[in-house]
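First to last, the sequence lines map onto chains G and X. Per the working numbering, the first sequence starts with residue 274, numbered consecutively. Per the working numbering, the second sequence starts with residue 789, numbered consecutively.
Rather than coming from a laboratory, the hints here were simulated on the basis of the structure. From the three backbone atoms N, C-alpha and C, an ideal C-beta is built for every residue, glycine too. One or more hints might be untrue.
Per the computed footprint, the stretches of chain X lying under chain G, defined by three or more beta-carbons under 8 angstroms from a beta-carbon of chain G, are [claimed, not checked]:
1) 807-814
2) 821-829
3) 853-867
Straight-line alpha carbon distances no greater than 30 angstroms define the calculated DSSO-like cross-link-like pairs of lysine-lysine that follow [unchecked claim]:
4) X:832 - G:315
5) X:815 - G:352
6) G:352 - X:850
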Amino acid sequence: RKEVEQDPGPFNVPEGATVAFNCTYSNSASQSFFWYRQDCRKEPKLLMSVYSSGNEDGRFTAQLNRASQYISLLIRDSKLSDSATYLCVEASGGSYIPTFGRGTSLIVHP
Amino acid sequence: NAGVMQNPRHLVRRRGQEARLRCSPMKGHSHVYWYRQLPEEGLKFMVYLQKENIIDESGMPKERFSAEFPKEGPSILRIQQVVRGDSAAYFCASSPATGEAFFGQGTRLTVV
């Protein structure tokens, strides 16, 4: 199965900081991309889809670079509640199975 | 509109017993995925089903594991003759077609 690679971190940042995660994918046929958030011992929850033109949702911005096969997530003005593991996901045509990266751990401290 | 429902939330089995995990997808969702997550590990794809069909089971161990999604009722992940290495969190996700997948709260299987 095609791979999705993420830096596991942890990224340790103070409240109010801006932090960015990158994720690379190996399947050039990937069609859909997502960021999920997973809190400790909980289920993954969809954070946002990633569109070719990039998209923003409040403090979160996601971007896709097809030429270099990576997607990014930018979090501005970090909150304590942003502490979690962020999972990068790609899904390709055909059987369309969401493939997850191992996640990047974010710790926001006071 | 209820979310993805998984039960039981916690399951304890002795080695050699069978484990049955259930997943009811969100209303209107016809695609079901099962994932396994070991402690400190990522989500590993196991199987992708649609009603009465297994679409892709490339992530399923060849022995002891099976899955179904019948015409009526929930999707079932069955693990026969469980071993300690089967202890993990098993997550089910559903999606309407090609699009975002939504997860249930998972079943935490402990084999003693």
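Here is how each hint holds up against the structure:
1. Counting residues of the segment 807-814 of chain X whose CB lies closer than 8 angstroms to any CB of chain G gives 0, which falls below the minimum of 3, so the coverage claim is violated.
2. A count of 3 residues in the segment 821-829 of chain X with a Cβ less than 8 angstroms from any Cβ of chain G is obtained; the coverage claim is therefore met, three being the minimum.
3. Counting residues of the segment 853-867 of chain X whose CB lies closer than 8 angstroms to any CB of chain G gives 0, so the stated coverage by that chain is violated, three being the minimum.
4. Of the pairs offered as hints, the one joining residue 832 (chain X) and residue 315 (chain G) holds, with about 15 angstroms between alpha carbons and a cut-off of 30 angstroms not exceeded.
5. Note on residue 815 (chain X) and residue 352 (chain G): the hinted pairing is violated, with a Cα-Cα distance of about 34 angstroms set against a maximum of 30 angstroms.
6. Taken as a hint, the residue 352 (chain G) and residue 850 (chain X) pair is broken in the structure, with Cα atoms around 44 angstroms apart against an allowance of 30 angstroms.
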